[in-house]
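Same order as they appear, the protein sequences are chains R and L. Mapping of the first sequence onto this note's numbering: residues 1 to 300, in sequence order. Mapping of the second sequence onto this note's numbering: residues 1 to 611, in sequence order.
Treat the hints as calculated values from the structure; they're not laboratory data. Here the structure is a predicted model, which means the values were calculated and not measured. All C-beta atoms, glycine included, are put in the ideal place defined by N, C-alpha and C. Hints may be right or wrong, so weigh each one.
[Said to hold, decoys possible] Derived list of chain R stretches under chain L, where covered just means 3 residues or more per stretch with a C-beta under 8 angstroms from a C-beta of chain L: (1) 11-19; (2) 40-46; (3) 65-75; (4) 84-93; (5) 140-149; (6) 262-274.
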Amino acid sequence: MGYLSLESHLPPSHAPLLPPGDYFSITDTQASDGNFLLHHFISNYVKADQNVVLVGLAGILVHYTMVGRKLAINLATARTKGNFYFVDGLTQLTDYAAPNKDHIARPAEPKPLASGPPSRTIPAPPPPIVLCYSPKLADFYRVLEDLIKNTVSKNSKGPTGQERQLCLILDDLSVLLNCGWSCRDVLALVRYLKLLVSQHNGTLITLVHADGVMAEEPSQDGLVKGVLYEADYILDVRGLDSGGSRDVHGQLSMLHGPGYLLRQRSGQVKENEWPALTLHYKILDNNVEVFAKGYSSGVL
Amino acid sequence: MSSFKKRVPSAQASLPAGCRLSAYNGQVLISTGVPSLDDILGGGLPVGTILLIQEDRQTSYGQLLLKYFLRQGIVAGDKCVVVSGDERPEAIVRSLMGIAGEESLSGSVQQGVDNRDDDEEEKANQRRNRAKGASGSSSALDDEDSEQDRLTIAWRYSGLKKFESGVGTRPPAISSRVNKGGASNNGSEPALTPSQIPFCEQFDLTTRISAKALETADTTLIDSGELLRNKLSDNDNTDDSDDDDEDEDNYTAQRAERQPDQYRNVLDKIRETLIEGGFSTTLVKDPSAAPAAATPGALAERHICRIGINSIASPSWRSKTPQDLYKFLHALRGLLRFSFGAAVITIPAHLYGTIDQRHATDGSTSSPFIHRLEQLCDASVRIESFAGALTNASSAASAYHGLFHVHKIPVLNSLIPSSTKLSVLLDGAAKGSGGASASSNGSGGSSKGVNNLGFKVRRKRFAIETFHLPPEGGVGQRRTSSEPSSTSSSLSDRKGASGSSSSSSSSSSSMAPKKLSSGTEGSGRSRSLGGSGNKGATGQVDVHSVPGASGVARKMMGLPPKGIQGAVASGCSTGGSDGQEHQHSHAHGSSSSSSQRPGVNLGANSSLLDF
Numbered sequence: 001m002g003y004l005s006l007e008s009h010l011p012p013s014h015a016p017l018l019p020p021g022d023y024f025s026i027t028d029t030q031a032s033d034g035n036f037l038l039h040h041f042i043s044n045y046v047k048a049d050q051n052v053v054l055v056g057l058a059g060i061l062v063h064y065t066m067v068g069r070k071l072a073i074n075l076a077t078a079r080t081k082g083n084f085y086f087v088d089g090l091t092q093l094t095d096y097a098a099p100n101k102d103h104i105a106r107p108a109e110p111k112p113l114a115s116g117p118p119s120r121t122i123p124a125p126p127p128p129i130v131l132c133y134s135p136k137l138a139d140f141y142r143v144l145e146d147l148i149k150n151t152v153s154k155n156s157k158g159p160t161g162q163e164r165q166l167c168l169i170l171d172d173l174s175v176l177l178n179c180g181w182s183c184r185d186v187l188a189l190v191r192y193l194k195l196l197v198s199q200h201n202g203t204l205i206t207l208v209h210a211d212g213v214m215a216e217e218p219s220q221d222g223l224v225k226g227v228l229y230e231a232d233y234i235l236d237v238r239g240l241d242s243g244g245s246r247d248v249h250g251q252l253s254m255l256h257g258p259g260y261l262l263r264q265r266s267g268q269v270k271e272n273e274w275p276a277l278t279l280h281y282k283i284l285d286n287n288v289e290v291f292a293k294g295y296s297s298g299v300l
Numbered sequence: 001m002s003s004f005k006k007r008v009p010s011a012q013a014s015l016p017a018g019c020r021l022s023a024y025n026g027q028v029l030i031s032t033g034v035p036s037l038d039d040i041l042g043g044g045l046p047v048g049t050i051l052l053i054q055e056d057r058q059t060s061y062g063q064l065l066l067k068y069f070l071r072q073g074i075v076a077g078d079k080c081v082v083v084s085g086d087e088r089p090e091a092i093v094r095s096l097m098g099i100a101g102e103e104s105l106s107g108s109v110q111q112g113v114d115n116r117d118d119d120e121e122e123k124a125n126q127r128r129n130r131a132k133g134a135s136g137s138s139s140a141l142d143d144e145d146s147e148q149d150r151l152t153i154a155w156r157y158s159g160l161k162k163f164e165s166g167v168g169t170r171p172p173a174i175s176s177r178v179n180k181g182g183a184s185n186n187g188s189e190p191a192l193t194p195s196q197i198p199f200c201e202q203f204d205l206t207t208r209i210s211a212k213a214l215e216t217a218d219t220t221l222i223d224s225g226e227l228l229r230n231k232l233s234d235n236d237n238t239d240d241s242d243d244d245d246e247d248e249d250n251y252t253a254q255r256a257e258r259q260p261d262q263y264r265n266v267l268d269k270i271r272e273t274l275i276e277g278g279f280s281t282t283l284v285k286d287p288s289a290a291p292a293a294a295t296p297g298a299l300a301e302r303h304i305c306r307i308g309i310n311s312i313a314s315p316s317w318r319s320k321t322p323q324d325l326y327k328f329l330h331a332l333r334g335l336l337r338f339s340f341g342a343a344v345i346t347i348p349a350h351l352y353g354t355i356d357q358r359h360a361t362d363g364s365t366s367s368p369f370i371h372r373l374e375q376l377c378d379a380s381v382r383i384e385s386f387a388g389a390l391t392n393a394s395s396a397a398s399a400y401h402g403l404f405h406v407h408k409i410p411v412l413n414s415l416i417p418s419s420t421k422l423s424v425l426l427d428g429a430a431k432g433s434g435g436a437s438a439s440s441n442g443s444g445g446s447s448k449g450v451n452n453l454g455f456k457v458r459r460k461r462f463a464i465e466t467f468h469l470p471p472e473g474g475v476g477q478r479r480t481s482s483e484p485s486s487t488s489s490s491l492s493d494r495k496g497a498s499g500s501s502s503s504s505s506s507s508s509s510s511m512a513p514k515k516l517s518s519g520t521e522g523s524g525r526s527r528s529l530g531g532s533g534n535k536g537a538t539g540q541v542d543v544h545s546v547p548g549a550s551g552v553a554r555k556m557m558g559l560p561p562k563g564i565q566g567a568v569a570s571g572c573s574t575g576g577s578d579g580q581e582h583q584h585s586h587a588h589g590s591s592s593s594s595s596q597r598p599g600v601n602l603g604a605n606s607s608l609l610d611f
């Protein structure tokens, strides 16, 4: 399970999972990294034996595996089972990194495995899919589309027979912008992915940096605004206005996206089911405490 | 099978030379060469990460840090890749500093092992001056130093740590090295086995690197300016041959097309070096060859590739598209994450500020360009030297050479950065000087940014310390002003001053500890009562005209020896006391660069209420 104290504040309709078909946008700032929220969702979905596709544009698999270990989930076994897919968007994303391809070592022959201890009967998880450089983001979309369709076709049914949910996570959208793709393209990718995921009973989660300084750049500002426009739910992570504190690491606002009111009217979501609110959080070694403003352990 | 495993020492021994494991998340760390910077990063720079140093204006402390990083790499026998556009990389390598205590071959004479730092000398001088000025008997003066250490305000604080603003350096094993060097006189580095190589060597800024060390150093120099010139001349040649009849527009378009991709060239070179040296874990020179079996012994022989890039994105770097540098950093990160390597990059960030930021002494808000770069790096620090400041804010803090801002610290394989657990400088809890009512560093950093940090460059080393302003007018002045009433030794005089009570009555010196303890232990209300009580009782002692300082804050300022200050500061755990601590700095620094931060103001207000 992810962070228990956060769980109660998320939309309850499908707890501990997120409502399928929705788009969760996480915005963070440099002073307060929103990465911890991703770990929450990953661990929740993996624990519940659902499908997760994680696109690591900034983080590497080792990072997520190590943190997963702290949250008591094993991503390596989830990968072997085919529940968890990691897409490497770091090593060969840009044209600068393209020559890396020529130097990648071929996967080792199974021979050395045989000489190893006999306990390693579990087959090694498949190597992560790599996003290779392409001038068009549409190619990335196709890679992800193939992967998701593949995943869903393979294990769409859960152990109890009901349809499995899917969670697609992009860990840093800002990287795409930084690496030269235009704001329009990135937003188009987000829209396409949102549609794709909702077709497969899934949820899309993206993280984007939204520092105040960045608003001066039109492209960066446009990305943040565009993402917020698309989002159904917004999780905004930022530092305290009053500065740093030992007991409060930052402020987490859970907000409705612009389409919420319409969906409420049309009866898709119940009224007052999930009120927007602002909380404070503190990150611990292997947990995150979320609490109401002013209720930190340092105050009480 | 038990999940508990005894950590065998062999696991430690198999680390590459000059590395250590992080105590928090088991990351392999290398030293930046500066112990205090290592501390801020959580023990050292994690292998596979990029540290961005935003350079200072008009001075070159940023480059100094880069040199420390490279020099430490040479000590550990690491591969050093030096990339520079403005200066020739050879010049940077040749101007590296020497090791403290090592006899420099270039002839600069260093008598013995002068381990004393300027700070200590200063202190000794101060003591000597004090001794001259004071009228007490000589025996009392001799006692003074030891007395100063033992002096406690109240017994309950005696167990607490001494107040320290910096990170202590580990006692270096210099003597043995000197002996060894004297005996064989052939450079100390090759003689050391990997386990003997110190994680962080002590360097001496007054000496240069020895020729011997330079010879043995494994360096790759990349002159980015040279790369650019070569490419340009190549292009010119080809242009001349086939572009003669083309019209002007087409010509310029082609020029743009052919403009060399400087960042790409540098990255290609770095990748080449990483692959050639076998530093990468995923990329190999010849993909078809069978991968070498990893043995634990091989790890110990392994070295780290240190990449130092001097003044990236300075005017001598050409970029084809605005995204070049972002792509460069992203690709470098992807490369390093799977390599035994780490990079330190300095950037003249002040060139990229907007107009109003360029003149701000506290340019805590960086430009969007720099901000995006920081997103792509794992750690980011900014150096702000007083010499480059346009205001004369530095006069109040002459003990420091500048401010040190931490914008980002590496978070790898864990939810929180390891420095929140391990760092002494970043986390006020470890030391007792910071507090919950921390200054709001506009930049904050993913650490809580509790402390303001300053740096000092002494004769021998670069040190980052907690920034605090000295008492107004200096300690010496304050002492002499309280002189007349003192008939006994200076000890009781100081006690009286620390209690902020009159020294005319003999009982006050015994009263002082009680007052202070009651003032500091209780809640805010009891403290304010204690403070006002003091004020009423004394009324005559106060020496300084410090606007807006409460009685207790005066007391804090009047505390002369470090031991007492530490006891008081660390003894206070409630928020209110921290407010006072900040009041202390605020009252002095209201005209200085470090003031006017919301947190500080908050602290000041809370103690103003006590008035």
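Going down the list of hints, with the structure as the test:
Closer than 8 angstroms: that is the beta-carbon criterion, and the region 11-19 of chain R has 0 residues meeting it against chain L, so the requirement of 3 is violated. Chain L is given as covering the region 40-46 of chain R, and this is violated because 0 residues of the stretch bring a CB closer than 8 angstroms to a CB of that chain, at least three being needed. Chain L is given as covering the region 65-75 of chain R, and this holds because 3 residues of the stretch bring a CB closer than 8 angstroms to a CB of that chain, at least three being needed. Interface restraint, the region 84-93 of chain R with chain L: holds (4 residues with C-beta to C-beta distance below 8 angstroms; minimum three).
Residues of the region 140-149 of chain R lying with their CB closer than 8 angstroms to a CB of chain L number 0, which falls below the three-residue condition for coverage. Chain L is given as covering the region 262-274 of chain R, and this is violated because 0 residues of the stretch bring a CB closer than 8 angstroms to a CB of that chain, at least three being needed.
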